[in-house]
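S.K.: Based on the provided sequences and hints, a complete structural model is requested.
Protein chains: 2
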Amino acid sequence: MSTTTTAPTAWRAGSGSTLDQETLERIDKWWRAANYLSVGQIYLLDNPLLREPLTREHVKPRLLGHWGTTTGLNFLYAHLNRVIKERLQDTIYVIGPGHGGPGLVASAYLDGTYTKYYPDMTEDDEGVRRLFRQFSFPGGIPSHVAPETPGSIHEGGELGYALSHAYGAAFDNPDLLVATIIGDGEAETGPLATSWHSNKFVNPVNDGVVLPILHLNGYKIANPTVLARIDDDELTDLMQGYGHKPHVFVAGFDDESHISIHGRFATMLDEVLDEIAEIKRRAHDGDESRPRWPMIVFRTPKGWTGPDYIDGKKTTGSWRAHQVPLANARDTPEHLEVLRSWLESYRAHELFDDEGRIDPDIRALAPEGHLRMSDNPHANGGLLLKDLRLPDFREYAVDVPVPGGSISEAPRILGNWLTDVIRRNPDNFRIFGPDETASNRLQSVFEVTDKQWNAQFEGPEVDEHLARAGRVLEMLSEHQCQGWLEGYLLTGRHGLFNCYEAFIHIIDSMFNQHAKWLKVTNDIPWRRPIASLNYLLSSHVWRQDHNGFSHQDPGFVDHVINKKAEVVRVYFPPDANTLLSTYDHCLRSRQYVNVVVSGKQPAPNFLTMDQAIAHCTRGLGIWEWAGTEVEGEKPDVVLAAAGDVPTLEVLAAADILRREIPDLQVRVINVVDLMRLQDAREHPHGLSDKEFDGLFTADRPVIFAYHGYPWLIHRLTYRRNGHQHLHVRGYKEEGTTTTPFDMVMLNDLDRFHLVIDVIDRVDRLGAAYAGLRQRMQDARLEAREYTRTHGDDIPEVRDWVWPDAQDQADANMVDATISTGGDNE
Amino acid sequence: MSTTTTAPTAWRAGSGSTLDQETLERIDKWWRAANYLSVGQIYLLDNPLLREPLTREHVKPRLLGHWGTTTGLNFLYAHLNRVIKERLQDTIYVIGPGHGGPGLVASAYLDGTYTKYYPDMTEDDEGVRRLFRQFSFPGGIPSHVAPETPGSIHEGGELGYALSHAYGAAFDNPDLLVATIIGDGEAETGPLATSWHSNKFVNPVNDGVVLPILHLNGYKIANPTVLARIDDDELTDLMQGYGHKPHVFVAGFDDESHISIHGRFATMLDEVLDEIAEIKRRAHDGDESRPRWPMIVFRTPKGWTGPDYIDGKKTTGSWRAHQVPLANARDTPEHLEVLRSWLESYRAHELFDDEGRIDPDIRALAPEGHLRMSDNPHANGGLLLKDLRLPDFREYAVDVPVPGGSISEAPRILGNWLTDVIRRNPDNFRIFGPDETASNRLQSVFEVTDKQWNAQFEGPEVDEHLARAGRVLEMLSEHQCQGWLEGYLLTGRHGLFNCYEAFIHIIDSMFNQHAKWLKVTNDIPWRRPIASLNYLLSSHVWRQDHNGFSHQDPGFVDHVINKKAEVVRVYFPPDANTLLSTYDHCLRSRQYVNVVVSGKQPAPNFLTMDQAIAHCTRGLGIWEWAGTEVEGEKPDVVLAAAGDVPTLEVLAAADILRREIPDLQVRVINVVDLMRLQDAREHPHGLSDKEFDGLFTADRPVIFAYHGYPWLIHRLTYRRNGHQHLHVRGYKEEGTTTTPFDMVMLNDLDRFHLVIDVIDRVDRLGAAYAGLRQRMQDARLEAREYTRTHGDDIPEVRDWVWPDAQDQADANMVDATISTGGDNE
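Going down the list, the sequences are from chains A and B.
Going by full-length UniProt numbering, the residue at position 108 of the first sequence is 108; the numbering climbs one at a time, nothing skipped.
Going by full-length UniProt numbering, the residue at position 557 of the second sequence is 557; the numbering climbs one at a time, nothing skipped.
Think of the hints as simulated: they come from the structure by calculation, not from any bench.
A few of these clues could be false.
Since the list gives no way to pick out one identical chain from another, each pair is judged satisfied if it fits inside one copy or across any two copies.
[Said to hold, decoys possible] Here are the simulated EDC-like pairs of lysine to aspartate or glutamate, each with C-alpha atoms no more than 16 Å apart in a straight line:
(1) LYS634 to GLU57
(2) LYS732 to GLU566
(3) LYS313 to GLU464
(4) LYS313 to GLU631
(5) LYS314 to GLU458
(6) LYS732 to ASP232
(7) LYS245 to ASP233
Keep in mind it's a predicted model, so treat the numbers as computed, not measured.
M.R.: Put into structure tokens, the structure is as follows:
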């Protein structure tokens, strides 16, 4: 799996290490250079290498950035360089304290990568000036580790996902080391706190190794951190309780020389890597016990090497070092003086020559080519991305002799196809979910794979489909599922996340960060496209029979479409064949977030595979077989649906209408690709106004049955000609303990109410069909009453099928794949 | 602080315990009765006490619920009853595995509370029948612990917040024990994983005690749990690492008699409560060391007391017991038989008399009155809620001699008022935030209080405003802040959560659950209204100078308004005085979620306090001083704004227009209360169409500058008459590394673009003002170019003030409260 230019011998032990004085001094020079370049980025507009005395004009007018964590990051980067080079160890980094952005830019500049990707950042005085100037400057680069930073797969934005991303990167990369720095602030977040347990899911043979380094610098913006303020033995217990072997390193709190510190750390790092190599060796030799992987506690002062006190207040070693310690350096001469001596303390003249070139001895610390962490192709996953070998989804089609003529649990059909996706792609496709892959009806994948698990086993009586290696990862943490999948995708692989619809909101903010990452990388030429992030939300708002109101929320779609149209897609396949077609499209796509909502309960199939492909290709369309239009005439009313339950109710309403008002011309439209409703100017999938009018008409009433909150449809269509004729029925936060049909009735999305809507909105019907209207009201009351007496839906509703299917033999109507066992929701 | 009917002697040691055979048998009878009532709720439609042979007609047609966790919950409830009664210990419960809802209903029925609140659930055969029937049945109660469950403050919906809620309940309730059951599934979530660290924030003297009970039943829906599959010493290390003293209890895996098990657990529980009493005593005596609070690991089989095997598959002690083990009991005679013998195993005839009354000896286990966990007033917080003693916010007004005539950081002014709110309400108001209370400019509260912290201290050089007791709680976990605040509010207190706007999405799903809780409790007569949940989002999308694109997302408001109008409110106060007025309103309100967005950067004040009060009372209004309308005529164009930055840009645009097109009649509208835009039929704050037209006109162009995503304004107004004339400018996900004005330009929200919008949309201007239009374009380019050269905004924009303020002396223009120190974002 290795992709480095120099083929590494993975997981060498460190016998070749040479921790002589020269090496330690080289490490120190790198560290000083990286620190100098970091301070320079934060403060300097000009005079980058202090060729002339520092004046206020050399200082940026707006000082923006984060200093406190940066020197620690630089220290670790320097030391990792040494061991990577010595061991030829394929390594990427994940920087939890990503606001220390200048450090990673500095390191990439020192090893030559930065200039490779940004040729304008030359290796001379002028290049250093540009490097400094661009940092957190209008039109420049962000202050955080970002997509713009070579070597990064982890934005320094929201905190909490460093370890999840790291493990995602490690899966199926058996020779890769993921050095992961966790800030002690970040360590307080929930997602990070549980992500330590990832070590029970990683396989020591087939997966790579995550080396967590807890950067205990003690402070956040304005407070101490929790983990820095508990007893040492408590912290050790915690790390052991998380399943790690901790190595504790403390430095910077006394007068110990930097060379001595480097010596101690380098020795420890060799030990740690030797331990890892030994664990890997044992695992290859068949040892199946769960390793206690090493981790490092790295306790140093915050803002290490910065000014100790500013205006008499302790700065280094306190929260005051978090951001920009000398915020008024431009306007306060004393502060400018502190800045000058701070910059000079790194002795840049020893590190750069007279033209501003980096001392070759510094660069010699770094490995070469793709072994440089800044230039490791795993961190630009699109470089490594291979197309999935997808089986032909048409071959998995369910038979649909007539519309409604068979019944399936759609995700179960999808599962059949995914089973073969896994079979054909044994090492670059994974399914993630919080304990729900079977519940979401994808269980046939367990014919060819297992759930990967490296904690204890209890035996086959209770451990079904659980194995040390497998393509499915389940942990009851949506944050972990999302974070693992993101890490997996960002390093050039494929996958999907299946989740309850309501609880996907748990990762709303993670979605935000990933969507922003995709949007930004679209504009970075050297970043290569990665596989899309695919959701399957199959326990949805309309069928929370076991759970009720607390499990009902269809708003993730609303959240998603706030992001740039170029990176988000939303699909509501109405049946099994459309789901297959949709998902085939999703797994082929790049650089998107695809949200697919498809219920898991038995439901009728309406489209043959050919029809499904045509329908999905258009994204929406008229279902002529369901309507009662007369060729060449305009319909009286349009019934539209997006979502499986709404589609069923719309068809049932259309059925009532054709029986009760035979001369009413009804058009039935089904929407798979929600983005089609938008204006072509707003979304690449959007319909032109002309196309929209051709479908929905500009002047006929449109009754739109929608899976989610109704106003989303208004939001997508408010500029359309016929918008004032559009009436949307959707979820109104009116759930309670109900049966399925009672649930749609509560939200006025039911067939009877849709018929009432038609009567109320088609002018000529109003008075003439008062009787039908009353019957519909009565039918609702009767159905409601039935549920309260019998605890089930009224059979004529529950067992309703589209009339064409009524003629079929019962035997044909039940898809053989439907479970008769317990409903494991 | 105690509110029990029998005044408890808090934190007694357990010398009075009587673990004789009679007591243990009483515990066992309670347990059997609760288990029987739980199974009955899940399965039985009729024949509740098996007076006749069980037939399929007695079984519910749809079996919905969760069995696996229930007997463990019942076991713990029974044992807690004993110690509460013996020690008169004020106690509430928090049930993390809340899907075990039938257990809590059963327990409340056994102690008499259920019949108290639901008189229809009588204590006889018919009452038991109704109790069973209603469970997870149309029109009945949810299958989870829910607002409908007496004694609950914690919905059994989304998992992860049991400990956060528990600690929220414990703060400022020094005599309260919060018995908190954590499922081992839930324990895998991120929020739960970090919430263990709450013990570093609770004060042993002034706060109550949380007793975490980790219910290690080993399985989730379809998988083992992580914590049940690590070594015992690893789990012990983890709990010790979290700062607890673990007590491990294992039962149910062998033939030990239930009486023996009860004896062991009761003895251990006495030890645990004695330890707690001892810790409390030491703390009262002045011991300031952080206690290692006890916690219990409670390892039992999942589905304990249920059928061991069903159809030859291991059920009890496996994931198969999670939901409804005999899902086809109605239609499979063998399963019906298993159900019969399962039900009979509890020997209900020994527990209920011939009329269905509970054996008085069982009830005697429970404490009395408000000591019953089901009837503890802390769990119906509105009962205990006291109005805050609010200082008159008018007295904190900033001076605004003319519009724009002073400058403030609005949250800093709010902080002055909050300082006195804290002073006057020393034990029922708290501020929560993830390390940002000072950054968000509320730092003056530290004049009267501190950040509560019970981990290590390092001394005054670095620990500013950190103390063992204080009204501010800061941990770098939005989940914890939200969970603590929810627990605090639900137990009848007040508070606010200050957070970065972008990262409040982290708790989107928690907001959902809380909003649903509020909506449901509005319809439960015995639930009393609680204080609103107040957000202050003051590091907002438009000023992420230090952080950039990854920190920009104004979509929380979109998320919030998906919930029922009756429980959500959103405010955009444009300056300091309006913020004061708004927040006074929020802290007085009940049963809402109030979202207040207000920037923290220095910005002009526009309204005097009297004007601010009038403006906030209306929620929106015409700012006549800013417009150029002629009395009695209709304006040519309406410029509207919601949000502080948009308000500034609209005013600057109005300034340009009055200078450049003096005869143009411009109306300036400012919106504080976003819900006013909605239809009166949609939201209680909504304007009627007539009012709306009176403000916005039905036919004039409206240029609306909005803080967030523009389509939200369309969504709120799409039914309004003038909607087709509405043009919204807002955030478009176009941020990058910029200066503040560059940021608004990137999103076309800037003054120059607003003027262009006016020219383009007021018909008569188009051609005549092509020159002005060009100048505006040029001004944008010039401003953009300036930022890229100087790294700062162009001074004529940055220093612009409303013309009325121009005449003032400079000295009057700067509010003395503005910091000159570092910008601690």
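S.K.: If a hint holds in the structure, say so; if it does not, say that too.
M.R.: Hint check results:
no. : hint             : result
1   : LYS634 to GLU57  : neither (72 Å within a copy, 52 Å between copies)
2   : LYS732 to GLU566 : between (29 Å within a copy, 12 Å between copies)
3   : LYS313 to GLU464 : between (60 Å within a copy, 11 Å between copies)
4   : LYS313 to GLU631 : neither (83 Å within a copy, 59 Å between copies)
5   : LYS314 to GLU458 : between (54 Å within a copy, 12 Å between copies)
6   : LYS732 to ASP232 : neither (52 Å within a copy, 48 Å between copies)
7   : LYS245 to ASP233 : both (13 Å within a copy, 14 Å between copies)
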